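**Student:** Residues per chain are reported as follows:
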Amino acid sequence: MSVELGMKLLRQYIELADPAFASELAARTTVANDFADVLQLCTMRAHARRKGLFPRQARSCRLAAIGGANLHPLVDFVDHFVTVLGQTECNTWVGDYDNYYSEILEEDSPLYGFKPDVVLLLPSERRCTFKGSLASARADQEAEARRAVDDMLQLCETIHARSGAEVIVGNFRLSPYFDPGPLRSTSLISDYAFRKFVNMDLGSRIPAFVHICDVEFLSNRRGNLSGVDDRIWFESKQPFAPGLLVDVAREFAHLVSHRNTPAKKVVVLDLDNTLWGGVVGDDGLEGIELGTTSPRGEAFRDFQQYLLGLSKRGVLLAVCSKNDHEKAIEPFEKHPEMVLRLKDIACFKANWEPKSDNLRQIAQELNLGLDSMVFVDDNRAEIEIVNQFVPEVSTIWIEGDPSDFAPRLKDSRYFETRTVTAEDLLRVSQYKQETDRQELLKSSTDMGSYLDSLDMIGTIRSFNKLDAPRIAQLIARSNQFNLTTRRRSEAEVLAIADDPHYSAFTMRLADRFGDHGLISIVIGVVQGREFLVDTWLMSCRVLKRQVEEEVLNEILRRACAAGCEWVVGEYLPTAKNGMVRDHYTRMGFAKIGDAPDGSAKFELDAASYQPIPTKIRLD
Amino acid sequence: MQQQEIMDRLQQVFDGAFLDKVQVHRDLSAKDVEEWDSLAHVSLILAIEQKFGIRFRLGEVEATKNLGELADLIAKHLAKV
Chain C
0 MSVELGMKLL RQYIELADPA FASELAARTT VANDFADVLQ LCTMRAHARR
50 KGLFPRQARS CRLAAIGGAN LHPLVDFVDH FVTVLGQTEC NTWVGDYDNY
100 YSEILEEDSP LYGFKPDVVL LLPSERRCTF KGSLASARAD QEAEARRAVD
150 DMLQLCETIH ARSGAEVIVG NFRLSPYFDP GPLRSTSLIS DYAFRKFVNM
200 DLGSRIPAFV HICDVEFLSN RRGNLSGVDD RIWFESKQPF APGLLVDVAR
250 EFAHLVSHRN TPAKKVVVLD LDNTLWGGVV GDDGLEGIEL GTTSPRGEAF
300 RDFQQYLLGL SKRGVLLAVC SKNDHEKAIE PFEKHPEMVL RLKDIACFKA
350 NWEPKSDNLR QIAQELNLGL DSMVFVDDNR AEIEIVNQFV PEVSTIWIEG
400 DPSDFAPRLK DSRYFETRTV TAEDLLRVSQ YKQETDRQEL LKSSTDMGSY
450 LDSLDMIGTI RSFNKLDAPR IAQLIARSNQ FNLTTRRRSE AEVLAIADDP
500 HYSAFTMRLA DRFGDHGLIS IVIGVVQGRE FLVDTWLMSC RVLKRQVEEE
550 VLNEILRRAC AAGCEWVVGE YLPTAKNGMV RDHYTRMGFA KIGDAPDGSA
600 KFELDAASYQ PIPTKIRLD
Chain A
0 MQQQEIMDRL QQVFDGAFLD KVQVHRDLSA KDVEEWDSLA HVSLILAIEQ
50 KFGIRFRLGE VEATKNLGEL ADLIAKHLAK V
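So the protein sequences, as listed, match chains C and A.
Everything in the first sequence is counted per numbering that gives the first Met the number 0, starting at 0 for the first residue and increasing by one.
Everything in the second sequence is counted per numbering that gives the first Met the number 0, starting at 0 for the first residue and increasing by one.
These are computed hints drawn from the structure, not numbers from a lab.
Quantities reported herein were computed from a predicted structural model and do not represent experimental measurements.
Treat the hints with caution; some may be incorrect.
Examples of chain A residues lying across from chain C (beta carbon under 7 Å, computed) [said to hold, decoys possible]:
id, residue
1, Met0
2, Gln1
3, Ile5
4, Gly15
5, Leu18
6, Val41
7, Gln49
8, Lys50
9, Gly52
10, Ala62
Calculated lysine-lysine pairs in the DSS-like style (CA-CA distance at most 27 Å, straight line) [said to hold, decoys possible]:
id, chain 1, residue 1, chain 2, residue 2
11, A, Lys64, C, Lys50
12, C, Lys441, C, Lys464
13, C, Lys236, A, Lys50
14, C, Lys7, A, Lys50
15, C, Lys195, C, Lys326
16, A, Lys50, A, Lys20
17, C, Lys50, A, Lys79
18, C, Lys600, C, Lys590
19, A, Lys79, A, Lys50
20, A, Lys50, A, Lys64
21, C, Lys130, C, Lys195
22, C, Lys326, C, Lys342
23, C, Lys409, C, Lys342
24, C, Lys575, C, Lys590
25, C, Lys236, A, Lys64
26, C, Lys311, C, Lys409
27, C, Lys575, C, Lys600
28, C, Lys590, A, Lys30
29, C, Lys441, C, Lys409
30, C, Lys575, C, Lys543
31, C, Lys7, A, Lys64
So these bits of chain A aren't anywhere near chain C, every CB distance computed over 10 Å [what the hints assert, rightly or not]:
id, residue
32, Gln10
33, Ser28
34, His40
35, Ser42
36, Phe55
Every residue gets a Cβ at the ideal spot worked out from N, C-alpha and C, and that includes glycine.
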């Protein structure tokens, strides 16, 4: 639909008071990118509100905007985007032109009176410039740029300290003009290089409550030359040319609405005409388009490269294809030009069941929510089915030209993260291990043979200095399989390690698919003839793997070695540890007392204890 | 572009910018329209430039007294394109 036609339709909806207005307004707002259109959409929203046609959103947000420019209509556009696309009612307050220092620094300023949830700060671009000697040393130039960043960070800190608000700060665009030539890239005395350095330094130093609206990037994306309009700066102190103004407003709004939305964790891929050209079931392994021998084949290969890059960032890849399983896996195993191999796919579903069912299955197997998944397919009908039957899953319809596929995903904004942690990088292999185990569980006839085939190796160690950080972390985090939920700091863990009254140990578990690491902790206290289990906890990842049994065997070994005659265990109930209420009874202990608060004590005779055989081999 | 066509297009821009219906005519000026304050003025001028694909020079718009003169200015710029 053309823009003109869309606007006409919206006008009609308003005249007829048609409730279809709200969804059409959202659709038009999503695609609008020039100034006059966005302005018109803002006006129509106000019209519709007056006629009761555009209901108030359930969520709301108090949004303050301050900065070194005239922030109207920028903030009005931000308001529009947050309300319509972020489905959040906006209350706005806008500071005076270039008055942000005093608005931030004066304690009784109206900024704080407004009690904002989020503050948009667009610092003065004209003041972000090198002021020292043009002949100064590079180190001095950098020091000045860092001071400019210190200054901005200080403002953000003050805002946060006084209002508790999160701050979204706009960084600086770069000049589109040739002046001053080579100095632009060799020295920070040019505004170009100075602002570029400031942007980079700011980005690397922001605290968690600050987000960056990357104006530098937005301006580059649109073309720096088209983002500049000095006339409207002189006339009305507008910070940007109209087009860039819309981009920046959209981005501020995106950050307001999505600053706490987690990135998607899984991308679920179709196969035929998505990962390769053609239909593998019909065209055969040799017939599909893939690889450097043809332009289209090369584009599909490039798309796979991008997906592999996503997976290296911690996004899981899954396959959901209408195919025979054997046919579908053939390219992954045999095609020389495939970039993705079976080891890169965390979950592989190739069958003739509806894709909506398969998506639910994938979510279950990966133990992730449907709302953390993005489904990618070239078939419009499949996309529609998924939208209809599993609306929690986000979808991307890729069509036709495979050179557009990677850009579609790159602009989807589903996979944006602020940082990449070491844990993210491990995630892909851990999930792959888990689905492999589940596959094995399905093919094994009984639990015993399944556990047998896992080739589990356990390692038991007394508390020691090296393990102390992980021990303290697990003690702090375990809630479910935790008999007493006694928290201890790393220092306390180290003290226990050195105290002969304690008998404390950890267990690690590995199997043929990978290493689970340190997953269980026991702290025992030797009190004469009694061995008291002060703490017993375990990571739920290894439930039903006979770790409990192996740990109990170790408790008894230690109790006997210390000359104890019985072992006493306690259960202290919390909101989360109901799963271990009967743990000691299951393990053969006798209950020796309980209290009205649900806590209980149990006892086991050490002399008559027979070690429980398990499928875990101790290292 | 004829005067009438320019006025028609201006009507479209005004419809997109103001909540209440404003009938455009040559004698219209900001003081006649409640919503036409200095903030709305910025948006209005940017929207007009985009609608006609022209660019006013610094100070030109300020010098016009009413919509008629603005329409003449638009015609002048269109003739240059």
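**Student:** All hints, please: hold or fail.
**Tutor:** Evaluation of the provided hints:
1. Hint status for Met0 (chain A): violated, given a least beta-carbon distance of 17 Å to chain C, over 7 Å.
2. Interface hint status for Gln1 (chain A): violated, as the beta-carbon distance to the closest one in chain C is roughly 20 Å, over 7 Å.
3. The criterion of a C-beta within 7 Å of any C-beta in chain C is not met by Ile5 (chain A), whose closest approach is roughly 16 Å, and the hint is violated.
4. Because the closest C-beta pair between Gly15 (chain A) and chain C is about 3 Å apart, less than 7 Å, the hint holds.
5. Hint on Leu18 (chain A) holds. Least Cβ distance to chain C is approximately 5 Å, under the 7 Å limit.
6. Because the beta carbon of Val41 (chain A) sits about 5 Å from the nearest beta carbon in chain C, less than 7 Å, this interface hint is met.
7. Among the interface hints, the one on Gln49 (chain A) holds; its C-beta lies about 5 Å from the nearest C-beta in chain C, closer than the 7 Å criterion.
8. For Lys50 (chain A), the interface hint holds, the least distance from its beta-carbon to any beta-carbon of chain C being 6 Å, beneath 7 Å.
9. Given the 7 Å rule on beta carbons, the hint for Gly52 (chain A) is violated: about 11 Å separates it from the nearest Cβ of chain C.
10. This hint is violated: Ala62 (chain A) has a C-beta 12 Å from the nearest C-beta of chain C, more than the 7 Å allowed.
11. Distance hint between Lys64 (chain A) and Lys50 (chain C) is unfulfilled; the C-alpha atoms sit about 35 Å from each other, more than 27 Å.
12. The suggested pairing of Lys441 (chain C) with Lys464 (chain C) is violated, with an alpha-carbon distance near 40 Å, which exceeds 27 Å.
13. For the hint pairing Lys236 (chain C) with Lys50 (chain A), the CA-to-CA distance comes to about 22 Å; that is within 27 Å, so the pair holds.
14. This hinted pair checks out: Lys7 (chain C) and Lys50 (chain A) have alpha carbons roughly 16 Å apart, not beyond 27 Å.
15. Distance check on the hinted pair: Lys195 (chain C) and Lys326 (chain C) sit about 51 Å apart at the alpha-carbon level, beyond 27 Å; violated.
16. Note on Lys50 (chain A) and Lys20 (chain A): the hinted pairing holds, with a Cα-Cα distance of about 19 Å set against a maximum of 27 Å.
17. Distance hint between Lys50 (chain C) and Lys79 (chain A) is unfulfilled; the C-alpha atoms sit about 43 Å from each other, more than 27 Å.
18. Straight-line distance between C-alpha atoms of Lys600 (chain C) and Lys590 (chain C) comes to about 6 Å, which keeps the hinted pair within the 27 Å bound.
19. Distance restraint check for Lys79 (chain A) and Lys50 (chain A): the Cα-Cα separation of roughly 16 Å lies within the 27 Å cut-off, and the hinted pair is therefore satisfied.
20. With a C-alpha separation of about 21 Å, the suggested pairing of Lys50 (chain A) with Lys64 (chain A) holds against the 27 Å cut-off.
21. Between the alpha carbons of Lys130 (chain C) and Lys195 (chain C) the distance comes to roughly 16 Å, so the proposed pair stays at or under 27 Å and holds.
22. For the hint pairing Lys326 (chain C) with Lys342 (chain C), the CA-to-CA distance comes to about 17 Å; that is within 27 Å, so the pair holds.
23. This hinted pair checks out: Lys409 (chain C) and Lys342 (chain C) have alpha carbons roughly 23 Å apart, not beyond 27 Å.
24. Straight-line distance between C-alpha atoms of Lys575 (chain C) and Lys590 (chain C) comes to about 21 Å, which keeps the hinted pair within the 27 Å bound.
25. Under the criterion of a C-alpha separation no larger than 27 Å, the hint pairing Lys236 (chain C) with Lys64 (chain A) is consistent with the structure, at around 22 Å.
26. With a CA separation close to 15 Å, the supplied pair Lys311 (chain C) and Lys409 (chain C) stays within the 27 Å bound.
27. Among the hinted pairs, Lys575 (chain C) with Lys600 (chain C) is consistent with the structure: their alpha-carbon atoms are about 19 Å apart, no more than 27 Å.
28. Between Lys590 (chain C) and Lys30 (chain A) the alpha-carbon distance is near 88 Å, which puts this suggested pair outside the 27 Å criterion.
29. Distance check on the hinted pair: Lys441 (chain C) and Lys409 (chain C) sit about 37 Å apart at the alpha-carbon level, beyond 27 Å; violated.
30. Restraint check for Lys575 (chain C) and Lys543 (chain C): satisfied, since their Cα atoms lie roughly 19 Å apart, inside the 27 Å limit.
31. In summary, the hint linking Lys7 (chain C) to Lys64 (chain A) is not supported, as the alpha carbons are separated by about 31 Å, beyond the 27 Å threshold.
32. The beta carbon of Gln10 (chain A) is kept farther than 10 Å from every beta carbon of chain C, the shortest such distance being approximately 13 Å.
33. For Ser28 (chain A), the requirement that its beta carbon stay farther than 10 Å from each beta carbon of chain C is met, with the minimum near 18 Å.
34. For His40 (chain A), the shortest C-beta to C-beta distance to chain C comes to about 8 Å, within the 10 Å cut-off, and the non-interface label is violated.
35. At the 10 Å boundary, the C-beta of Ser42 (chain A) falls inside the reach of chain C, the nearest C-beta of that chain being 5 Å off.
36. Distance to chain C contradicts Phe55 (chain A) as a non-interface residue, since its nearest Cβ pair spans about 8 Å, not more than 10 Å.
When the structure is compared with the earlier hints, violations turn up for hints 1, 2, 3, 9, 10, 11, 12, 15, 17, 28, 29, 31, 34, 35 and 36 and for no others.
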